[in-house]
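Make a model of the complete structure from these sequences and hints.
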Amino acid sequence: GGEATDARDGGPLRIGYQRFGGLSLVKARGTAKNVTWSLFESGPALTEALKAGSIDIGQVGEAPPVFAAAGKIPFSVIGTSEPIPQGEAVLVRADSPYRSFADLRGRTVALNKGSNVHWLLVKLLEANKMTLADLNVKYLKPAEGRPAFDNGQVDAWIIWDPYFALAERPGVRVLADAAGLAGNREYVLAAPGAVKNRTDDVRAFLDTYRETTDWGIAHPAERAAVLAPELKIPLDVTTRALARSAKPLAPVTPDIGRELQAIADSFVALKLVPGPVDIAGRVDDRFTEAFR
Amino acid sequence: MTGPALAEAPAPVVPSPAPRRPRARTGRRWWRLASPVALVVAWEAAARSGLLAAEKLPAPSTVLATGARLAADGTLGTHLLDSLTRAALGLLIGGGLALALGAAAGLLRLGDDLVDPPVQMARMLPHLGLVPLLIIWVGIGESLKVTLVALGAFFPIYFNLYAGIRDIDERLVEAARTCGLGAAARLRHVVLPGALPALFLGLRLAIGAAWLSLVVGEQVNAQTGVGFLMMEAREFSQTDVVVLGLLVYALLGLASDLLIRYAERRTLTWRRGLRAT
Amino acid sequence: MTGPALAEAPAPVVPSPAPRRPRARTGRRWWRLASPVALVVAWEAAARSGLLAAEKLPAPSTVLATGARLAADGTLGTHLLDSLTRAALGLLIGGGLALALGAAAGLLRLGDDLVDPPVQMARMLPHLGLVPLLIIWVGIGESLKVTLVALGAFFPIYFNLYAGIRDIDERLVEAARTCGLGAAARLRHVVLPGALPALFLGLRLAIGAAWLSLVVGEQVNAQTGVGFLMMEAREFSQTDVVVLGLLVYALLGLASDLLIRYAERRTLTWRRGLRAT
Amino acid sequence: MATRAAGDLTGPVLTARAVTRSFGPAVVLAGVDLTVAAGETVALLGGSGSGKSTLLRVLAGLDDDAGGTHRVHGAAAVVFQEHRLLPWKRVADNVALGLTGPGVGDRVDRALAEVGLADRGRAWPAELSGGQAQRVAVARALVREPDLLLLDEPFGALDALTRLRMQGLLRRLRAQHGFAALLVTHDVEEALLLADRVLLLDGGVIAEEVPVGLGPAPSPDDPALGALRRRLLDRLGVPTS
Amino acid sequence: MATRAAGDLTGPVLTARAVTRSFGPAVVLAGVDLTVAAGETVALLGGSGSGKSTLLRVLAGLDDDAGGTHRVHGAAAVVFQEHRLLPWKRVADNVALGLTGPGVGDRVDRALAEVGLADRGRAWPAELSGGQAQRVAVARALVREPDLLLLDEPFGALDALTRLRMQGLLRRLRAQHGFAALLVTHDVEEALLLADRVLLLDGGVIAEEVPVGLGPAPSPDDPALGALRRRLLDRLGVPTS
Ligand SMILES: Nc1ncnc2c1ncn2[C@@H]1O[C@H](COP(=O)(O)OP(=O)(O)OP(=O)(O)O)[C@@H](O)[C@H]1O
Ligand SMILES: Nc1ncnc2c1ncn2[C@@H]1O[C@H](COP(=O)(O)OP(=O)(O)OP(=O)(O)O)[C@@H](O)[C@H]1O
Ligand SMILES: [Mg+2]
Ligand SMILES: [Mg+2]
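As given, the protein sequences belong to chains A, B, C, D and E, one line each in that order.
For the first sequence, position 290 (counting from the first letter as 1) is numbered 290 according to our numbering, and the numbering increases by one without interruption.
For the second sequence, position 180 (counting from the first letter as 1) is numbered 180 according to our numbering, and the numbering increases by one without interruption.
For the third sequence, position 152 (counting from the first letter as 1) is numbered 152 according to our numbering, and the numbering increases by one without interruption.
For the fourth sequence, position 18 (counting from the first letter as 1) is numbered 18 according to our numbering, and the numbering increases by one without interruption.
For the fifth sequence, position 77 (counting from the first letter as 1) is numbered 77 according to our numbering, and the numbering increases by one without interruption.
Calculated directly from the structure, the hints in this document are not laboratory data.
Just some of the chain B residues that point at chain A, by a computed CB distance under 7 Å:
| hint | residue |
| --- | --- |
| 1 | I135 |
| 2 | I136 |
| 3 | G139 |
| 4 | N221 |
| 5 | E235 |
| 6 | F236 |
| 7 | S237 |
Result set (DSS-like, lysine-lysine): computed pairs, CA atoms no more than 30 Å apart in a straight line:
| hint | chain 1 | residue 1 | chain 2 | residue 2 |
| --- | --- | --- | --- | --- |
| 8 | A | K247 | A | K33 |
| 9 | A | K113 | A | K232 |
| 10 | A | K196 | A | K27 |
| 11 | A | K113 | C | K56 |
| 12 | A | K72 | A | K123 |
| 13 | B | K56 | A | K113 |
| 14 | A | K72 | A | K271 |
| 15 | B | K56 | A | K271 |
| 16 | A | K196 | B | K56 |
| 17 | A | K113 | A | K247 |
| 18 | A | K33 | A | K196 |
| 19 | A | K113 | A | K123 |
| 20 | A | K123 | A | K247 |
| 21 | A | K247 | A | K196 |
| 22 | A | K129 | A | K113 |
| 23 | A | K232 | C | K56 |
| 24 | A | K33 | A | K232 |
| 25 | B | K56 | A | K72 |
From a predicted model like this one, the values you see are computed outputs, not experimental measurements.
Quick reminder that beta carbons are idealized off the backbone N, C-alpha and C, glycines included.
As structure tokens, then:
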């Protein structure tokens, strides 16, 4: 029941962010005024707080909005980013015999459930004419997937940046990324109360967000220098991850709605989410100005 | 009681009129249901009247309906069975280790010096913190879940057993020694029965800890189990299934408690504590 | 001891030659460090020799170096302080509630009937399962973490207190009654000291549960705390920091144990249990 | 020596009517009637397991399952058959249990001195010998200067000398403070030396009542005492050659 | 009646030399020398807190902190001052504790019958009266037919009649089985009636040794007994008019 709690006028805007999402640069540079920051380990955890009315604005990957909509969580999609297909990938060990995703038939694959990589998996299966039954899927959070992958308990790991960049070491090979398969955009979600009652505050914040993102794209070296200590990741890893994953913001358009709806329908068909989901109707374009 | 007459106190053999006690106790047992029932009724009323928003806490009737649905299609049964298997296995392993080490530390000075300090240090290690290491050591399969349960069950049993053994009246042990009981017999006839109440308490806490650990464990690469059911429901904000899971845990808690109470009644008939007044 | 001579047993006032005991006990306390030290040495040796791969378990020296680094830049201190604050607050709240309810249930028949059944049901609810509901009820801020700690700390204290009260020798309570002690005075002079050993045990278990709960709690929207530090390290597979976190927990466990042992020694001087042989 | 208060004048300090108590099918007390006048000392004899301790518990108001009526007028203090000292309190604190007001420390010290344990105030109960613990329990009862003392074999674990001293103490304090006492004892001699009246509990009822009336400080060699002793021992089934 | 085994012929069943024990600065036993011959009954008298129970514990091998040497030749059984029954075992199981072999049930039943508790075998210790519990403890010691019985006031909580019976029982069993006994008692009469020798513990040492020699079944009216009694009471500090 967010409406009552998230419309507190005057108070700081409550932002939920994930490590390495576009918002973390805003947090790291401290450019936004009158906001509070909450860190979440994954998209599903962030949408859960959205449901509880604990945050006003949050940023997630591709799949979480679909799962959240399936969970009848009240929110609207108010912004997105350019596609980031190089920001997620299927990793295998370099000395493994797998040359393509199809070689993984019958193998164990680890990924985080309900995240952007989940959609990538669906697209990979589709592209290779496989089904979920052809793989032995292990749902592991990033923190669990890494040791499992490193110790050979799974054959492949589908993961996003920065965990992707962190795991990308000698001995690890990228089997495939999302290029040509999934958009891997970031989405900005907002609680309905904030959208309705604090339109101006939200807009001001989004303006800051876009300015900061643009500054980052213009100053990649400084951006990495600011973010590395905030993320507590080595500078070279940060630089590499940012180089491929930091993309400009984009406004939500009907196309975006259709893209999301396709994901949702596909998930429904695969029975990954219960019941039909209307995600296109969640797209709210009243803040598009801020993202152009 | 062997008979109404006392050998050396020839009290008149008048059977006492009304054995009220057992009746009163049965009455009391039912009366203990009052507060849970009242809680559920208040909860249902609050939900129906709209005082309690459905997404904050669904009404008990909703939860029960969900439960009936999941039970009917067999989902609940499967998940429950898997969770129970893991819990039982983990309890067995963790409890067995706790019994062995707790007895060693409680009974033998050498055991105390060797076993207790590392256990004291390990006691505070939270399972969740161990998960990444456990993944490396035991993998992400069933053994991970069972290990977590065993870890959770170990400590309450170990500590209660240790304390229970240390609490035993030394004078009784001495008496047993003078009766010619060797170490093993003393263990069986004095230490074990004396530590039994504490052990039961440890078992109770261990069962709770086992479930808690299982919920942690069933978050990691599980496809079955009540913990998985709840986590999945959490992802789709199906609060009714989450609450159903909690209800299942609560009922399991109650069932295990009744079991332990029964075992206690069977084995601890001799006790008389401070009766509540 | 007031003096060497016993009033009615005019034993010769020969001071006994060697008060060996205290010395022996100190010796024993140091000796208790043997097995933890041995474990650490074996671990270091295994790591150095390459028997234990660094990503399986980093060497103690690596962990210590990491610890020194984090301690030097103040990170460790800040996180520790935040975790300690949360743990203390939660322990205070959960422990206070447990004391009140445990005493009510242990002492009063009405309290037992009203309080105990719901507590028995709630006992099995795993914190993690409650997290989605707690997020809705108390939000994702500090109160969530404190609530989780309080929940974790509640049950061991409640159960041990309850059992401790039930275990008190009824005959001592009777004696106190005949000495004119009212309910409050009996509580203070008989029930409380009698239940104190059990209460200490409950406190030990509660401290462990508090940390465990905190690790769960510090996974949800925390920016500080040892749990957060570990989670962050986990995400980036910094095994040394994870192990450092575990080490911090272990040391906290040891510290709290020493504290409680000290408190026990102060308050439970009168006890003599089965001495380990 | 002060005069003993005449019970009949000030009214009874303890009345019990038709007290019954059974454990399951076993009836231990089948209807006990009992009156103790103020200042009077009554000794209660009876075989082992005849119900003496049970009766004392009932009279002390500790047994809710007993039938019949009983009443203590004034304050009562109890010495149980086991010492029942709180193991977590030092001897002096055990004696002081429940006492308030100024001068408690002094009173406790005096009571301990009277039972010959002046220097054991700071000992733990577990450090006492059997007889010492029993004397502490007696001190704990005496220090509260009650109207009625209920004593369950208070001198059972004492050697002859200490026993005599304690008997003397009891007699002296009774003379000073005029309290009444119900004394369970196994020692017929002790009953006759201390009591104004001896009751015999048998078959769950008071089977015999023997007034003693030997005066305030009887001598053990009084011939009247010999006769009484023989009568009581006879009644108890002890062969008296 | 069978003849008592002459201790000097078969060698001592208990020897103790220079036994010492102190608690902190308080020396309780300052060097006790003691020998008990096979089949001999020795009574140990002493003031309350003089160290009798401490000595018994040492002799039973329960005290590791004691100095000196002591040895029991053969099997010993102990009756402690408190009954020390295991609360979680029924009376019969308490008596049977540690016994093995066929016929244990019968032996236990017989022992319980001998102490007058034939029908309480299935009771819990908490359901016994003080005297009953003490008798069960005696039965537990007797049933194992030891070479040496260490008894710490075994009859302290018994009424006159039961006490006489128990004394008779002890005498009878000793005659039958020829065991030796070290009997701590507060009752000088009892000591003289049961023992071959009476020891007096005082100041941490055996201060006095009195051979009794009244024959196997002395009468309480034996004039020799009167003289011995007076001597012992004198030594204990009790005024004997
Ligand atoms: N809780 C109980 N349950 C069953 N029987 C009991 C219980 N308490 C006492 N009894 C029985 O009641 C009878 C009377 O016991 P009580 O303690 O009053 O005897 P007593 O006269 O004090 O004996 P003693 O002189 O040996 O102390 C005994 O036969 C005892 O076994
Ligand atoms: N654990 C202990 N710590 C300190 N002093 C003790 C301890 N145990 C016994 N004592 C003291 O040792 C002395 C001897 O005690 P013991 O029990 O042997 O006396 P006893 O002769 O059996 O007396 P009683 O006839 O009263 O039973 C007593 O003064 C007692 O206070
Ligand atoms: Mg009695
Ligand atoms: Mg003694």
